[in-house]
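Turn these sequences into a full structure, and let the hints steer you where they fit.
4 protein chains.
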Amino acid sequence: MKLTASKLPGLGHVAYRTRSPQALERRVAALKGSGFDIGWMDGDPAHGPAFLIQDPDGHKIELYYETQWYQAPPELKPALKNQSQRFSARGINVRRLDHWNGLAVDIQANREFFEKCLGFRLTEQIVLDDGSEAAMWMTCTNKSYDFAYTRDHTGTRGRFHHLTYAVNSREEVLLAADICLENGVYIETGPHKHANSANVFLYVYEPGGNRVEICNAGARLILAPDWKPIRWTEAERRKGQAWGLKTIESFHTYGTPPVESSYKTLRAWTSSIV
Amino acid sequence: MKLTASKLPGLGHVAYRTRSPQALERRVAALKGSGFDIGWMDGDPAHGPAFLIQDPDGHKIELYYETQWYQAPPELKPALKNQSQRFSARGINVRRLDHWNGLAVDIQANREFFEKCLGFRLTEQIVLDDGSEAAMWMTCTNKSYDFAYTRDHTGTRGRFHHLTYAVNSREEVLLAADICLENGVYIETGPHKHANSANVFLYVYEPGGNRVEICNAGARLILAPDWKPIRWTEAERRKGQAWGLKTIESFHTYGTPPVESSYKTLRAWTSSIV
Amino acid sequence: MKLTASKLPGLGHVAYRTRSPQALERRVAALKGSGFDIGWMDGDPAHGPAFLIQDPDGHKIELYYETQWYQAPPELKPALKNQSQRFSARGINVRRLDHWNGLAVDIQANREFFEKCLGFRLTEQIVLDDGSEAAMWMTCTNKSYDFAYTRDHTGTRGRFHHLTYAVNSREEVLLAADICLENGVYIETGPHKHANSANVFLYVYEPGGNRVEICNAGARLILAPDWKPIRWTEAERRKGQAWGLKTIESFHTYGTPPVESSYKTLRAWTSSIV
Amino acid sequence: MKLTASKLPGLGHVAYRTRSPQALERRVAALKGSGFDIGWMDGDPAHGPAFLIQDPDGHKIELYYETQWYQAPPELKPALKNQSQRFSARGINVRRLDHWNGLAVDIQANREFFEKCLGFRLTEQIVLDDGSEAAMWMTCTNKSYDFAYTRDHTGTRGRFHHLTYAVNSREEVLLAADICLENGVYIETGPHKHANSANVFLYVYEPGGNRVEICNAGARLILAPDWKPIRWTEAERRKGQAWGLKTIESFHTYGTPPVESSYKTLRAWTSSIV
Chain A
14 MKLTASKLPG LGHVAYRTRS PQALERRVAA LKGSGFDIGW MDGDPAHGPA
64 FLIQDPDGHK IELYYETQWY QAPPELKPAL KNQSQRFSAR GINVRRLDHW
114 NGLAVDIQAN REFFEKCLGF RLTEQIVLDD GSEAAMWMTC TNKSYDFAYT
164 RDHTGTRGRF HHLTYAVNSR EEVLLAADIC LENGVYIETG PHKHANSANV
214 FLYVYEPGGN RVEICNAGAR LILAPDWKPI RWTEAERRKG QAWGLKTIES
264 FHTYGTPPVE SSYKTLRAWT SSIV
Chain B
14 MKLTASKLPG LGHVAYRTRS PQALERRVAA LKGSGFDIGW MDGDPAHGPA
64 FLIQDPDGHK IELYYETQWY QAPPELKPAL KNQSQRFSAR GINVRRLDHW
114 NGLAVDIQAN REFFEKCLGF RLTEQIVLDD GSEAAMWMTC TNKSYDFAYT
164 RDHTGTRGRF HHLTYAVNSR EEVLLAADIC LENGVYIETG PHKHANSANV
214 FLYVYEPGGN RVEICNAGAR LILAPDWKPI RWTEAERRKG QAWGLKTIES
264 FHTYGTPPVE SSYKTLRAWT SSIV
Chain C
14 MKLTASKLPG LGHVAYRTRS PQALERRVAA LKGSGFDIGW MDGDPAHGPA
64 FLIQDPDGHK IELYYETQWY QAPPELKPAL KNQSQRFSAR GINVRRLDHW
114 NGLAVDIQAN REFFEKCLGF RLTEQIVLDD GSEAAMWMTC TNKSYDFAYT
164 RDHTGTRGRF HHLTYAVNSR EEVLLAADIC LENGVYIETG PHKHANSANV
214 FLYVYEPGGN RVEICNAGAR LILAPDWKPI RWTEAERRKG QAWGLKTIES
264 FHTYGTPPVE SSYKTLRAWT SSIV
Chain D
14 MKLTASKLPG LGHVAYRTRS PQALERRVAA LKGSGFDIGW MDGDPAHGPA
64 FLIQDPDGHK IELYYETQWY QAPPELKPAL KNQSQRFSAR GINVRRLDHW
114 NGLAVDIQAN REFFEKCLGF RLTEQIVLDD GSEAAMWMTC TNKSYDFAYT
164 RDHTGTRGRF HHLTYAVNSR EEVLLAADIC LENGVYIETG PHKHANSANV
214 FLYVYEPGGN RVEICNAGAR LILAPDWKPI RWTEAERRKG QAWGLKTIES
264 FHTYGTPPVE SSYKTLRAWT SSIV
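One line per chain: the protein sequences are A, B, C and D, in this order. First residue of the first sequence: 14, per my numbering; consecutive thereafter. First residue of the second sequence: 14, per my numbering; consecutive thereafter. First residue of the third sequence: 14, per my numbering; consecutive thereafter. First residue of the fourth sequence: 14, per my numbering; consecutive thereafter.
Treat each hint with caution, since some may be false.
Same chains, same label: a pair holds when it works inside one copy or across any pair of copies.
[What the hints assert, rightly or not] BS3-like cross-link-like pairs, simulated, lysine-lysine; straight-line CA separation at most 27 Å: (1) LYS90 <-> LYS252; (2) LYS129 <-> LYS241; (3) LYS241 <-> LYS15; (4) LYS73 <-> LYS20; (5) LYS259 <-> LYS94.
Since the hints were made in silico from the structure, they are not lab data.
Laid out in structure tokens, this is it:
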């Protein structure tokens, strides 16, 4: 996670690490001249050269391999050497950066890009009655998804929906909600259980205006090499989330940077914190 | 819990056990001729003679002392002798009947009745801006409440809102929601955290139409003999439940037996299960 | 909790609040001249005059009624007004002081004292094959115990075994163990489930050498006015704790202040933290 | 899981699915004539032809690709279509077959076999002060291990240590212990937290005598392609498991089929269930 000063909230870029230096070379060769390629970047703190591309909707994506392993400073050395850092006893004890979610105007175009150009697999998707795709979840690991895109109801390109941190259990998602409540962090919706992916979620806004999700990691992994994507219909989505909570409207319209139609959400939120 | 065949769902009566035979005699003496008394009943399976009264809103209440302790049959003997019965590995593993909730037209009248005639203590309440009382939580134990009444927005007397079973943890409330989801039990709202009492709730309808709550027991007990009731204002309640979920409308109108204005809720529910 | 500088760890005194000023007067009248009475103390920060007594084993006990309610400073005001203070997002988030445990040479004498002189009720006990009592759990609330005494295998009088803080769930006891592990707090035994009381425990030593327990509060309360004490036999205790963990030897010998036979435990502990 | 009638408990064989038909062909080509190969099997219910091999210690392993996806019968159809089957509300609600553990005489030989012949990666290991390997954890997914081998202190080849089912949370491991306790299932050790892998475990014996573990899945995955194996030393292992529980002796000696030196464990266990 790298924070960069900016007038408006949003996602600068997301970076994916390839499996090997060779895999990086192969991706670069495949993408050069595709129209999605931007070019090599010098790298960022803790990682080496990165090849910058953009997806059809305009989100910036870096691919890199060289990385510098984190070494915990003495005061953060863990009791168990197979942890990268001390188990924190402060705040929401997040365990990993789990996934991120973008908004996109044309979900299908983005899906095909990630399948064809980057080798991701589709695990779940929403297909409306008119055949258009409204959301997609993709992975290149055994996690049920590494990122997702949902349709931007405002028709704006390249926006950011949320970033997700995983905790170990559903109870810790509830504790996260308690902590947000006590600390004046705006809770948009949740905790509740997602129908897709079956994890328990909590959506909050960080002080800069970006949406952040806390979810739990469970036993569900996609281990089958021939997994068939789950296709959710409009009728199924109308049932709400797993336990029945309806998806709130701001979920389809509020993204960052905000657009005019999401100022209402932004105002509701800022008025709640002053 | 005693189930009785009836054309319509609802609560026949609730029964409270007194601390001693003498306490029962004192209550009977105090209530006889008060207008709230109905008279002695022969008792029900597992308990002795009961004195039947009704609260100002018309809910039937029995007071009794003699009780027959439950003896688990051999196949339900627990591994630990300080449990009354085996820890169930089937369904929602409820641990105790926690409280019940009635709807009432005049909350203040009911509160005064339970304080003056039965010695219950008020622990929390909602008082509207016009000074009228909209809800009350009362106890005669160290639990934060043994029962509650909330205002019936349909203006009907004597109705039942819900019965609550407690489980040991918030995680088990979530598991209860999973189980209800899988078994087609209608989830009205939740899981979410109550602002009052701070427990996590799940409201469902049993097949007969009564609302049942599953909540968790936590470390919160009212141990102080001089506890000052918590008074919630309209503004505070408008914030929704603890993590922000708004109280749904059916919560103020759907009770049992149902009245005309709650047929809509009932239809939504029955259509969800067929 | 009041900490007092001392050369050796141990419990100075424990204080119980009576239900009313009248209850305090009645206890004082009953105890004066009994041989267990020591006399009135001026009170301590946050409470009024206290009557000091000692139990047959020599533990000091204060009885008081007047108390000053805690007012959270602005930075610790909770989001929910029915909490006394903010839900902490730091360290082990303990919710209440649950109970304390003393060591005693003659358990039966102590039990009779608390029953006859202070009105506590016995809820569970261990009775050895020779008929002698080895442990007792007593309450004057709906908690399954407010304090306990276990036999001091070193034959020393007046010692302290542990103080217990309750958290809301078993998961939080596990989190407490994770936090202790990361912070070099000596874990004596646990987490595991108690056979008596059925809660999950964790025993650690605070830096001064006193044993502290973290346990969870569950749905189990003693609500029946005619509860029959559970009597555990030697054979039952030999099965270990609920899930089979054997009670470790230091549990019977290490108390505070430490005696010669517990120096071994103390040395093991101090060597683990340097 | 396929159960086969046998006079003695133990593991017949374990089967791994390859990533593709081509991957299977490549493994077969590499293994034929290696001395570890046994030959093609016709397949088992729900999977196609399998190539049988054995590891240096003598454990039987099948490799296959063709598989038949499970279709839940109508009464077990899940509420959420991305689950393979209904969320069970009965017994220990296991979510996936997580890993298995073998005993082996020469751990190093087995590690090299799995690295060189099958492409597994080592994630954690125990190396004794004399340089010999005492345990290893290996994966070919993002799970921190798919199987493990620990040294057989009885010097017997080809034995089985345990099979592990994962549940979603640590709380559910505790519930599993409650369920085993109530149903007379022998609990060998736990629940407690592993130092390696950092999950919470419970070891029990199934009625046939095989050891079964219930553990939780957490947020920990091995996502880095250049993960460096964690090497545990003798001194580190002497600290016991994560929260301090010592590894019990039967863990090093009891495997299936049992050998003479483990009859003691077997007798203790059988006497506990009759």
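Verification of the hints:
{"no.": "1", "hint": "LYS90 <-> LYS252", "result": "between (46 Å within a copy, 17 Å between copies)"}
{"no.": "2", "hint": "LYS129 <-> LYS241", "result": "within (17 Å within a copy, 31 Å between copies)"}
{"no.": "3", "hint": "LYS241 <-> LYS15", "result": "between (35 Å within a copy, 25 Å between copies)"}
{"no.": "4", "hint": "LYS73 <-> LYS20", "result": "within (18 Å within a copy, 62 Å between copies)"}
{"no.": "5", "hint": "LYS259 <-> LYS94", "result": "between (43 Å within a copy, 18 Å between copies)"}
Violated hints: none; the structure is consistent with every hint.
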